[in-house]
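Engineer: The primary structure of each chain is shown beneath.
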Amino acid sequence: MSDRRIGVYICHCGGNISDYVDVEAVRQAVEVEPGVVVAKTAMFTCSDATQQEMIEDIREQNLDGLVVASCSPKLHLFTFREVAKRAGLNPYRYTQVNVREQCSWTHTDDRAGATEKAVRLVRAGVARTALTEPLEPIVIDTVPKVLVVGAGIAGLRAAIGLADLGISVLLAEKSAAPGGWVAGFNKMYPHDRTGRLLIKQLVDKVKRRENITLFTDAELVAKSGSIGNFQVKIRVNGQKTEEISTNVGSIIVATGFDGYHPRDGEYGYGIDGVVTLPEYKEILDNAGDKMLFNGKEIKNVVYIYCVGSRQQTGENPHRYCSRYCCNAGVHAAVESAEKDPQVNQYHLFRDMRTYGKFELLYGRAREKGSVFLKFDDNEPPVVEKGPDGRLKVTVKDLLTYGEQVEIPADVVVLVTGMMPRENSALVDILKLPVGRDGFFNEIHPKLRPVETVVDGVFICGACQGPKNSAESVASALAAVTQSASILKKGFVELEPLIAVIDPKKCKLCDVCSKSCPYSAIEQEHYQGKTVARVNEAVCKGCGGCAPLCPDNAIDLKGYTDAQMESMIDAMLKEIG
Amino acid sequence: MNYDVLVVGSGIGGMESALKLGDMGYKVLVVEKEPSVGGKMILLSKVFPTLDCASCISTPKMAATTHHPNIDVLVYSEVEQIKRGQDGQFIVKVRKKPTFINQTLCTGCRQCEMTCNVAVPDQYNSDMVARRAAFIAFPQAVPKKAVIERAGTSPCSFTCPAGIKAHGYVALVRSGKYKEAFDLILETTPVIGSLGRACYAPCEGECTRGDLEGSLPIRKLKRFVADTRYRENAGPDGKPVAAPSGKKVAVVGSGPAGLTAAMHLARKGHRVKIFEAAARPGGMLRLAIPSYRLPKDVVDRDIRNVTDLGVEIQTGVRVENPAALKDKGFDAVFLATGTAGTRRLRVAGEDLAGVVSALDFLRDVNLDKEISFKDKTVVVIGGGNVAIDSARVAVRLGAQKVIVQYRRSRDEMPAHDWEIAGAEQEGVEFRYLSAPQKFIGKNGKLTEIECVKMELGKPDSSGRRKPVPVKGSAYRMPADVVITAVGLTPDTGCLAGTLELNQNGTIAANPETMQTSVPYIFAGGDVVSGPSMIVNAVGQGKRAAFFIDRYLNGEDLAGVAFEEKLPVVDKQTVINRQQSYRNLAPVPGREILKPGVSDFTEVEPPLTEEEARYSAGRCLDCGVCSECHQCIAACPADAIDMSMREETREVEVSSVIVSTGFKLFDAHLKPRYGYGKFKNVITGMEMDRLLAPTRPYNTVLRPYDGKVPDNIAFVLCTGSRDCTVDNPLCSRVCCMYSVKHNQLIMGALPLADVTVYYIDIRAFSKGYEEFYRQAGAMGANFVKGRVAKIDEKADGNLILHYEDIDNGGQLQKAEHDLVVLATGLLPNTEVFKLFSGEKLAADDFSYVKEVDEDINPGQTSIDGVFVAGTASGAKDIPDSILHAGSAAAQAAAYVERIRMSK
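Those protein sequence lines, which keep their order, are chains Z and F. Using my numbering, read the first sequence as starting at 1 and increasing by one per residue. Using my numbering, read the second sequence as starting at 1001 and increasing by one per residue.
Chain F on its own, in the form it takes in the complex (with noise of 0.2 Å):
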């Protein structure tokens, strides 16, 4: 698309310049970085000398631009590049950012932002409220279009494996939407309830938050989300499956990968059936985790989500024969079986009673096994979770002595932290650095353990110091059971001929799309990826059952994208946003732990719903939306697309007006003023807000204790005219602003008093004196005198000292209740970085050169380039108006001398 004239922002100049060539008949292009066009001036409450309000003096030019059959606005879009192609013509780069909101079809109804739950500072009130993760940027927005700010993915919700949006559900719980927060884990996953106990949560290592006083108990949240929601319903909790597709899938092994699976195919319409070789479902879910860790009943409720869409689950049946299933109807098989096998120490008396594997052990005990340990010795030899859980379900079945043997030392334990800090505090012993060498026993029947003690030596393949024995070291240990735990081994022999395996026996499968060798036939969990965490097997069965159902429909599996995630937010950047947080301590985690414990109860209590509140309450948004996905159920135009990403188009123009605008200059670099420290010492645009008709208040109220004030003081010549702060030059419009404030104060608050401290009273322009006398008609109280600092009261209230020069030049100080700081103009020098090749000239103070103000008010350093408005020094409203007509009127003549020599 080409374009005469491109103008860059979409202020009052930048909508001036192009109003103006659009009426002339010249194409224009406006490209506006905010998701609504009318720049500062909309946000104003009413402007000077004539008081009208500032909507009224914009919306009638915002829509105007926005209609004008001449102009096209790209509102959420930055110019990234201009620069001159070869036949003169500006090569102009666009990136259109995504608003994740369809904008043709939104309606601009709010729905969405209602439903939102992530609250951020509204930049469109100067950060004094809140706004919502979806929105539209202010009442009179042109277009009246909602946008979802995204940041980038929350490291919580990137660092899932199994892409659990954690950052959701969490803000859900902080809107106290409990069941909206589980249905959105269960858009994920049905092991909710599982994963909430047993998850070893790694999105709480990312966590923002564990970077200040300690992470969001994220894996707590969810245990909450899923028992609240168990206990208040009884099921079913399925989403409405889609129509049958005629389909069946086989899903072999009921543990987390297979019930994710198996419910998301069962979603997609496809006939699921699980086939199980243990008596009961939930593989490592019910047979590994000891219940103080996870109650049965949980995985019985958790295992409900799945059969309530229909999914049949037959125990009792072992699979050697994938392939056979084929024949059997099935149109997809996916294998889950796990790790079912244990691996053997390879050590004298391993086939003595008494020595159990693990996986054996705790399959017996959770499936009821009557089992007593009674004045027995237990050794558990390994130093993985299944270790830990073997030794203290060893110590809940009566055992007078558990011993963790490990031949490594506590440091190199691949058991969780916590777990082991659990054990030892339920009276496990731990023997480090000490390795079984023989089983002695006795009439067949385990007695004694000969062991070595080792030592550390040189750093082994995995990175970890290998253990050597020490000679000469061997000692006996007696005992009466030993429990091995030192790893567990996928149960794939009987695949060998169907499938293709790796080495280690876990099937090969493509890791995109979780194939296998044999096409329909597809693999995840521990049975592809070795032992490894529920969440990762929740993950593999999600994607696996992705590919299925294209698999199913006959689609393309290769270079497909599953779950792209939008990448993930810098943490130093969210801490960032904020000058400070107020301290939340985590709550604190405190598990029942008592030596020699002899039931099974949960050891872990639940969040209390105050704790579970204030906890998510802690979240710092760090990709601002959550991804809770609520505004998608919301929006009745159906316009969410969360899949939207950013797009660049290119355009030629013939010509370029910049009126990119200014920058506040921030109160912060003032310090002797306090603004950020004192409450109560405000800035001019946040005066504005508060003065606007859709100001945040509703009325003028000090931010300190939300009291009306009744004393205001202003600071003119706030980081203006002031070589401290860098800036000597003039802002032209405070004083101005001050005294439009004072005007509307006195409308607003009849009884307050308003004082302006001031170098030079500026009101040099039309009408602008005669506004000025009236306002000190009002009664507002003109002070000469620059502040010198302001100091803070225990009731909020501000001690301003000054010079009174009209009174004999004294010190003075005066107290006032709100401090209103006439904050200045400043460049904004982004735009110096749109240029490449020709390089756009600025003045000594960072402002857009003007080459020839004397005749050429607008010209820039760039043949054909143009600035418009406060781009190249500040201005008022009335002469950022007259400048971009100037801007206008020279970018048209130089179109028409392009057009004359072609």
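If we strip away everything but chain Z, and leave its shape as in the complex, we get (with noise of 0.2 Å):
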């Protein structure tokens, strides 16, 4: 018999639980499991109401364990471990048991046999449960100073941000100087701004800044340490080669994309005349009254969108849609109209995205005389060269009910789009998580869409996935408020779930050390010998470690041997 008192709260979940698992049964089931004072269902165990009634019943029934079977750790596990700080229980003390992605949603075809499973389930949350221990959070002070890689326009405007909020901020850019893409931009969409002019206001601020250091040619070459303390090493290429190690308290990745740049003979590209748009842009900007191509003035300018974008075949496609294009396209359509009003332009598209207000430079561009063609993705516009000597685009036009359509073209423009930039090394070192369209991942878009999985790096801009230049600043600002939230408070508190060495089982053959991600082991000396040493603050609690001790000398905290082994023995027990 235990004498735990624990409580334990079924979920719902609306239906999303109670439509395939039993949950009042396994309510009955779990109610009897030795230790369990308390065993109840909630339509929504996150509700604010449940949460307090989990708070009276902690209080109340002075319940020393708390287990919860509801959604993913993932989603909640942080709610619940609140509600037991709040309720004054340790959070440690608090076991999430998964019955719906694990469980309910995965056995949609099977009522009995997922009641089954989640009982199973809840069981062996409650044998964790029963063998917590009361932890405390590692406390570590943070250093306010955050290291922003990328200079470019997100990289920038979050060294200000963060700079305004009195954090200081070491700015580290690969490139000889600041600004990335945008300080290449003439006109951008769809405010007409200068990029250009943009990037010298936000580089003039950023000097004005004492609390800011800017690093051109830089390159962050290592890292270690913990969110709120990481231990960077930046190395500055110029004259001579120096390298800067400091401490910062967070690291924000701002590094940017790549463009698309088309395949040889990718609709006609490596012919003369065909283009990609930042290419077109140019001899945009370069135009003084006449656009010229080659010395030849250009009246006839064919686009084609998604090049590089929303590619279903092929080797190493890119399958997702670029977002910002459609809206460039149109954007360089309008400006061309507005420097000649005469010239024919043609835009061979697949769907027109020009999302929210742009839709507005959509429909400037049809006034301003561009003919929009829509093709079907199994029959992509053929770019050639004709016999005489002009580009010919060929279509099949879905607007036009499918009539072929021949246009001579003076220049192609490519609408290319964006690519993950090529960042292997920086991806190594910080252990970013990189997604299966190449960009960095965030955890989740919607509840932590700047933070990685890597606590206290966050990513903001287009190297998180194609962004325009306003989006990515909104986005780095979001980074900006992530960062503060840590540093302004002076501490993080770290999981301490992690492992720890019973120094007197410890025979330093070192397996260990060999076996961390983190390089987090480390030697001591313990009554004359030398013995390995778990750095709290690096160690992350993956496990990796523990089951290859020869010596059973490590123990996951939260995870120990004795309660894995029990909780096995408890899901494996008869079903009555």
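Don't read these hints as lab results, they were simulated from the structure. Just so you know, not all the hints are guaranteed correct.
Said to hold, decoys possible - Where chain Z lies over chain F, by a calculated footprint (3+ residues, C-beta under 8 Å):
#	region
1	1018–1028
2	1138–1145
What the hints assert, rightly or not - Selected chain F positions facing chain Z (in silico; Cβ < 7 Å):
#	residue
3	Cys1056
4	Gly1441
5	Ala1474
6	Leu1729
7	Cys1730
8	Glu1853
9	Leu1882
10	Ser1886
11	Ala1892
12	Glu1896
Source: prediction; values computed, not measured. Yeah, the Cβ is synthetic: ideal placement off N, Cα and C, and Gly gets one too.
With the hints as a guide, bring the two chains together.
Structural biologist: The following block contains the structure:
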């Protein structure tokens, strides 16, 4: 028998769980588990009312353990730990049992089976909880300084945003000058402001701020430590290379994107007159009163959209939409028409994604004479050089009922998308998570949109996914608030669920330190011998070392061997 | 209270801004107009492209916002005004709407909701189902506290001079809670059966249904309630009385005012004794109203509601000197002696035998004196209700001929129309524009009346045209009996020395407190107001009791509000709440009237239970809450407080974030799609509700017939990219929420076909293109082509006319059994009204203008004011969240700048 006093709450999750799991049956099955003194069900355990009920139960029933069987701990682990804390129960005596993602949603065809599985999972949760110890978070003082990697528009704005809040910034730019892509732009949509001027404005501000240090030709080469106190090493290449080591509380990654570079022959790329959108924008920027290509006046322009985006076939296709290009394409057309109202412009598109207020740009392009032709995904336009030496684009236009149209062109503009920037060195150093599309991944696009799985390392701008300039700036400022909320507090609390080595048992075979992906295992002297020791601030609690130790000297707090064994026993117990 | 930042609106953008600011250590005030934080996102099913439950994403943020140590949240509150003060700070006026439930005491148990008898469209379920007037917004509401929606006082209840909660008992009858209805009326007055028969029912005149097919029979419903209760329960019915106060009150007169006052005083624990001059109690109820209108056993039963409380009634006692009652140990006196006197005609021969006053005549009949008018001609003189009553009684006493003589015309007759009509049908004759000059008799006994014809001259002081005798028009009319009914007067001559009287003989009493010139003597009813209606007397009795109780407790009388009602609801507003109403004809009134009727059987038949329920069901719930008071009894926490009123408070903040969100496009504005007309055409938000975990039907059903749809169409760009509705903008989210619906429907209804009619699929953000592809791979059919119009078939299915662009551009028709209009987003322009002094600039489409979007997204035209989320333009949730972070960063920077400058 257990002398524990555990409360168990099983969630309906509206119907997400209860549609497939007999929640009441689970409750009845676990009610009689040793140590369980409260067993209840609730429509939404995460709702404020149920949280209040739990708090009352914990206080009134003197509970010393809490189990909620609901969704993934990714969603609500912290919610319920917070509940425990508010009720005066050590939050590490809480166990979240995932009966949604790992049970109801996966067994929608088998109510009885799902219910049985849920019973076993909750029993295991109760068993784990019965062996929990109160733990205290590891408190680390934070360094009120942020490393911003990349001084494009996002990085620059983030640096200023942090400085505004009294946080020092180290801004490291790989190239020789700050400003990134935007520094090269002339007029940008939708406000027709000049990219160069925007960057100049921001760089001037950065230079005026005493608490921002900008390094160009600089790269992050090493990182250690953890959230609140990272040790970073930056190599600055110049006339002579120097390395700067410093401590920062958090890191914001704003490394931007690469432009898509068409393959040779892709929509005629390589033929004289077939250019990418950035190349065409350069032509526009340099045009005086006439738009010229190779000295010849441009009278006919054909735009082909989704080049390097929304590709479903081929090797390593870019399946994603690059978001900015439709808007940029129609903006270029408006600009062209303003330079030469007589210019003929043809846009070959799949879907025009001039979302939100950018629809107005699309409208303006049409008013100024642009013609839009929709092609089928499976029948892309063909760009050739005709016998007359002129470019010729052939396309089947769905908007005129599949009519085959031949368009002579002086310039064919391939509206190219964004690509994830090649940055493997940085990915290695920061252990940045990379998504399927090759861009850096946030933890959750809505709950934690600028955070990565590496605590204290944030992402913003187009390194996270295609964004236009203003959107990159918004996300940069969001990253500022995320950083500042940690650093302005002065300390962070880290999970105490980490490995601990029993020095008495350790024989320093070094198996553990070789297995540690975080280099968290150090050495210390203990009663005349050298033993392995876990650096609390660095250990992530992945548990990789624990099973490898030949002497069983390593235990993972919160998931001790004893807990794991009791959970397994509980899961295998006969269902009554 | 001062804050660093005010956040207006607690949708996802507002919550995100507040949380980020709170986490950074700034003090934040969030003001939300709904009773829960969460905005529109919490109402969604799942959210794209991750298909997370909207609840799962929202609830942690909602809980975190409300529990955050640096954030205060005011829900059910509205920002009235934001104005910059002298020192650059913003002065913010916040109006806290009354919830009528003490939010500290409320436990969210929903007992009030379960017991509430009013159902109104549930705005949190797109009006597809009903919610109660007492309600918790939705299951995941934070805070999970109930509120009572009160739009004001319903016109019926507002107009009742007695303050009877007419709407309340109607709502209770609708729910079949007859006893509760009875008890509710009993809270005001004991004379329920009497009012149910003889009230002139001003409530019915105000009934909003009256502007449609006809008023509710509110009076008859009261009679139904009383009859049902009296039939089922012999009594006693009294509410438990308070502990004895040790005080004694004398009530003089046992009419409606006296009885009502006695009941209220007895409930307060005072010992009450009623003195009645007549042989039996009831005042005018018993003595004046004929029993074919009000049977006397009903009056008896009504009186028992008072005597059951321990009130003693002594009949046959005429109190000449109320002041003397003080010496007999009464601490207070309530005079409610009515108008027992009759005005004389001042016509020669008035003392002849055969000439009687109406009141004497009716009293004699009502006290069962044997009277027969067999073969007699009876002339009733007067045009009021008493005259008509007398005439109709005369018919029943066997008179050969009954004539009502009135000096004006029918239009000016003060009697109720229905009474005159009833009299006519029973054979009473009317002589209009005729007046007696002289009563002529033989042997002291009346034989003839000398009359003169009248004509109407100039209006007199009463506004009615004054009758003037026509010269030379005198004529004689034979008569055996004359009943004079030309007015009642209070019989207060004996009081002249004790109390201050008015010129017309009524007692002068303070109209607020009913106190007379002698502090311990209060007066009410007709003796104060002059001849009036029962329900007015009831009102004065209740009012007097309230102040007598205060007087007895030694409390102040002056300046104390008695029965403060919320303002009356505007009827047109009520009618405008719904596009249309089902035609519900009133139950026809059908009194049993026959010429020469000779018995006193009640003429008005009761409503059957079915008729009563049907009639009550016609109520439009004008005030929303009916004040039926059931929740007050049901609430285990005693948290209901109907006296709560709105409060305005002022706070000072350094910076403001407006995150007031968006409005959904009203699909009615696109009539060619038939929304509102074709039941199976719904909006995207409605589909989200149908799919949400807290969905109204627990499955996806089409509204027309509850059928599970199996061929669903989505019409994209409804109200977006559409100059015909003045919105050329793209709404950014509709493509993706439709794609989300596609996937959820294919999960919920695996056999259903899903077709999406689109212009461009705008799957532009991270993971969206993949999400769109996934819907296609799951079987959603994407058809490029805008839908031109929708027709409805007899079976409720819909025919969509569209241009099939992918296949040669032919005009095509397709049949679907449910159509979802992917309605777009529009600006919420209310935000611009908040600012005073400085103008918050709007962009060309009435969104909040971002003045420097390239560098400072979220910065507005007012220094220190920022915008977060969709208030500045349509955005999806991830973009709103990032935008909110941006607003928070700038608001924080602004606050820092302010601090530095100080």
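Engineer: Okay, which hints does this one fail, numbers in order?
Structural biologist: Per hint list: 4, 5 violated.
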